[in-house]
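2 protein chains.
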Amino acid sequence: MHPLASGQHPGAQRRRIGDAVVTALADGYLDLGPQTVPATDWNDLVPLLDTPFATADAYRSSINAFLVETGGRRILIDAGGAQSGIGSLGRLGSTLAAIGIGPETVDALLITHLHPDHAGGAFDETGAATFERAEMILHTGEHAHWHDDTLVTDANRGYVELARKAVVAYAREGRLTLFDSDSEVAPGLFAEFLPGHTPGHTGYRIESGNDALLIWGDIVHIPPVQMKRPEIGIAFDSDGAQAEVTRRRILERAVTERLKIAGMHMPWPGIGHVERDGTGYRFVTAPHDYGTGHP
Amino acid sequence: MHPLASGQHPGAQRRRIGDAVVTALADGYLDLGPQTVPATDWNDLVPLLDTPFATADAYRSSINAFLVETGGRRILIDAGGAQSGIGSLGRLGSTLAAIGIGPETVDALLITHLHPDHAGGAFDETGAATFERAEMILHTGEHAHWHDDTLVTDANRGYVELARKAVVAYAREGRLTLFDSDSEVAPGLFAEFLPGHTPGHTGYRIESGNDALLIWGDIVHIPPVQMKRPEIGIAFDSDGAQAEVTRRRILERAVTERLKIAGMHMPWPGIGHVERDGTGYRFVTAPHDYGTGHP
Numbered sequence: 001m002h003p004l005a006s007g008q009h010p011g012a013q014r015r016r017i018g019d020a021v022v023t024a025l026a027d028g029y030l031d032l033g034p035q036t037v038p039a040t041d042w043n044d045l046v047p048l049l050d051t052p053f054a055t056a057d058a059y060r061s062s063i064n065a066f067l068v069e070t071g072g073r074r075i076l077i078d079a080g081g082a083q084s085g086i087g088s089l090g091r092l093g094s095t096l097a098a099i100g101i102g103p104e105t106v107d108a109l110l111i112t113h114l115h116p117d118h119a120g121g122a123f124d125e126t127g128a129a130t131f132e133r134a135e136m137i138l139h140t141g142e143h144a145h146w147h148d149d150t151l152v153t154d155a156n157r158g159y160v161e162l163a164r165k166a167v168v169a170y171a172r173e174g175r176l177t178l179f180d181s182d183s184e185v186a187p188g189l190f191a192e193f194l195p196g197h198t199p200g201h202t203g204y205r206i207e208s209g210n211d212a213l214l215i216w217g218d219i220v221h222i223p224p225v226q227m228k229r230p231e232i233g234i235a236f237d238s239d240g241a242q243a244e245v246t247r248r249r250i251l252e253r254a255v256t257e258r259l260k261i262a263g264m265h266m267p268w269p270g271i272g273h274v275e276r277d278g279t280g281y282r283f284v285t286a287p288h289d290y291g292t293g294h295p
Numbered sequence: 001m002h003p004l005a006s007g008q009h010p011g012a013q014r015r016r017i018g019d020a021v022v023t024a025l026a027d028g029y030l031d032l033g034p035q036t037v038p039a040t041d042w043n044d045l046v047p048l049l050d051t052p053f054a055t056a057d058a059y060r061s062s063i064n065a066f067l068v069e070t071g072g073r074r075i076l077i078d079a080g081g082a083q084s085g086i087g088s089l090g091r092l093g094s095t096l097a098a099i100g101i102g103p104e105t106v107d108a109l110l111i112t113h114l115h116p117d118h119a120g121g122a123f124d125e126t127g128a129a130t131f132e133r134a135e136m137i138l139h140t141g142e143h144a145h146w147h148d149d150t151l152v153t154d155a156n157r158g159y160v161e162l163a164r165k166a167v168v169a170y171a172r173e174g175r176l177t178l179f180d181s182d183s184e185v186a187p188g189l190f191a192e193f194l195p196g197h198t199p200g201h202t203g204y205r206i207e208s209g210n211d212a213l214l215i216w217g218d219i220v221h222i223p224p225v226q227m228k229r230p231e232i233g234i235a236f237d238s239d240g241a242q243a244e245v246t247r248r249r250i251l252e253r254a255v256t257e258r259l260k261i262a263g264m265h266m267p268w269p270g271i272g273h274v275e276r277d278g279t280g281y282r283f284v285t286a287p288h289d290y291g292t293g294h295p
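Protein chains in written order, with our numbering: chain A, 1 to 295; chain B, 1 to 295.
Worth flagging that the hints you see were computed from the coordinates, not collected in a lab. Please note that a few of the clues may not be correct.
[What the hints assert, rightly or not] Stretches of chain A that chain B covers, calculated by requiring three or more beta carbons in the stretch to come under 8 Å of a beta carbon on chain B:
(1) 112-122
(2) 126-133
(3) 169-176
[Claimed, not checked] No farther apart than 25 Å at their CA atoms in a straight line, the calculated lysine to aspartate or glutamate pairs in the DMTMM-like style are these:
(4) Lys-228(A) x Asp-50(B)
(5) Lys-228(A) x Glu-207(A)
(6) Lys-228(B) x Asp-50(A)
(7) Lys-165(A) x Asp-277(A)
(8) Lys-228(B) x Asp-148(A)
(9) Lys-228(A) x Asp-289(B)
(10) Lys-228(A) x Asp-149(B)
(11) Lys-228(B) x Asp-277(A)
(12) Lys-228(B) x Asp-19(B)
(13) Lys-228(A) x Asp-31(B)
Quick caveat: nothing in here was measured; it's all calculated off a predicted structure. For each residue, glycine too, the CB sits at the ideal point set by N, CA and C.
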């Protein structure tokens, strides 16, 4: 009799993009149910969600972040949700430790947007910056949105407080950089403004050699539903109509330009490409990169 | 400046099937090109293979094995190809070590068939059994096929020698068990005879509680091609017509019975389900099991 093996597997998968190495980091998951798509009859979605491995009660959405190593620099894109108070998030720190990446070695933290599952791992329980040397890099519009007191409501107060805690942890040490147009925000990393989900929602495109990868942030949250039916938004969109315009534009561009894409809520490890599927699209997970993913 | 992180990620992914834990183990890959589907014009396959992450020159096919922990026993299904002489195989041993599974703790080695990428890790470079306490369990027809001297040719001699070395490593110590009908070959593990790829090719179905997983061995080798066009066989099939009958039967059954399936050549980590896609099928990788896959 053997006990069940207890050694668990850290959530990290590496692949090369040109000379850069991109490591998908699993922070955890969120179970998204009918309340997250209030404008849609959930019963219509059951055929898209009910599989041998899942029920249609809720979609278990991955929470991914991505570490980019390029030009001798370590750049983290999003930080997971450790301080969000959501128990199914917050594994990014232990995963980084398991693969030998100390938080003090991260040079820059690029933020797609300031929601709790993306910025909640940027600071620790004392409010200090998790990445003690990193520059936080963020879209001006995203910064402004979460610092506008006129927008605070009882409903969003928790989100606002978390967003501000994440920013101030870096700003008070002079390590906050804002940008307001598509530009190269770190060597080989280009910001792409993708508004709608939040006012400053931003994707980041890695370019190295002849290769590229667009990390698209939160273009979709429930891939089997929103890829097939891009008109369906998510309750967390701050501007649903704008989010749909952006979503449709990026999905179509991904097909026509044969983009490699990565998403914070795409099925772990979150990297793949988009194919047309009837009147919608589908996501195809990238083949495993045996060249860099293994001992 | 940081050096690129060198800590690599072992190829192991766990998930629960009922009370059992199934760990996918990456042994490596094989690049399968036009010579592996001689009956088909490779040019017809280009649209199925050419993606942003791959070219159509050859399909990089995963080599997976699966460890099943159930009822206090550790049962390995296939052993990868360490002694095959193929450099892109043979990582299973280091992966098992990385997750704390000593070879001496494996109770049984279930073989789907005796090809080099499945049996080549059953013995070491001295010819000794890799799993020094394990019972090798194998279909009678598979054993007979590879021990029939009348079938040896110059073309298959290497395969025959490897198959025999794998078997004798266990047989000479009285640790070989043969079976000749669908039966429970280990607690909760049921053999299913799936002939065609080889005369004794066998799948193994794990049953635990209300859950089940069929590990289907080599039903397909080039998933994007053979799922969509099940009439296409692989050069390694010993009886192509029978392999096609079996392949079509299992693919159709997987859809109608909503089977969870795992395959030795399905995209890493090799576990998912089958959906209908036009006149063929497609494979959908299972969502990640966050419950058992992470620190």
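| Verdict on chain B covering the stretch 126-133 of chain A, where coverage means 3 or more residues with a C-beta closer than 8 Å | violated (count 0)
| Pair hint Lys-228(B) and Asp-50(A), alpha-carbon separation not exceeding 25 Å | holds (22 Å)
| query | Given the proposed pairing of Lys-228(B) with Asp-277(A), does the C-alpha separation stay at or below 25 Å? | reply | holds (15 Å)
| Given coverage of the stretch 169-176 of chain A by chain B, tested with a Cβ cutoff of 8 Å and a minimum of 3 residues | Our answer is that it is violated, as 0 residues pass the Cβ test (under 8 Å) against chain B, missing three.
| Given hint Asp-149(B) paired with Lys-228(A) - CA-CA distance at most 25 Å | At roughly 55 Å apart (the allowed maximum being 25 Å), Asp-149(B) and Lys-228(A) break the hint.
| query | Straight-line Cα separation of Lys-228(A) and Asp-31(B) no greater than 25 Å? | reply | violated (32 Å)
| query | Under the criterion that the straight-line Cα-Cα distance not exceed 25 Å, is the pair Lys-165(A), Asp-277(A) satisfied? | reply | violated (41 Å)
| message | Is the coverage entry for the stretch 112-122 of chain A by chain B consistent with the three-residue Cβ rule at 8 Å? | response | It is violated: at least three residues are needed, and the stretch 112-122 of chain A offers just 0 whose Cβ sits closer than 8 Å to chain B.
| task | Verify the proposed pairing of Lys-228(A) with Asp-50(B), using a straight-line Cα cut of 25 Å. | result | holds (22 Å)
| task | For the pair supplied as a hint, Lys-228(A) and Glu-207(A), confirm whether the alpha-carbon distance does not exceed 25 Å. | result | violated (28 Å)
| said: Check the hint pairing Lys-228(B) with Asp-19(B) against an upper bound of 25 Å on the C-alpha distance. | reply: violated (33 Å)
| request: Mind checking the alpha carbons of Lys-228(B) and Asp-148(A) for me, to see if they're no more than 25 Å apart? | output: Roughly 53 Å separates the two Cα atoms, so the pair is violated.
In summary, the numbered hints that this structure violates are 1, 2, 3, 5, 7, 8, 10, 12, 13.
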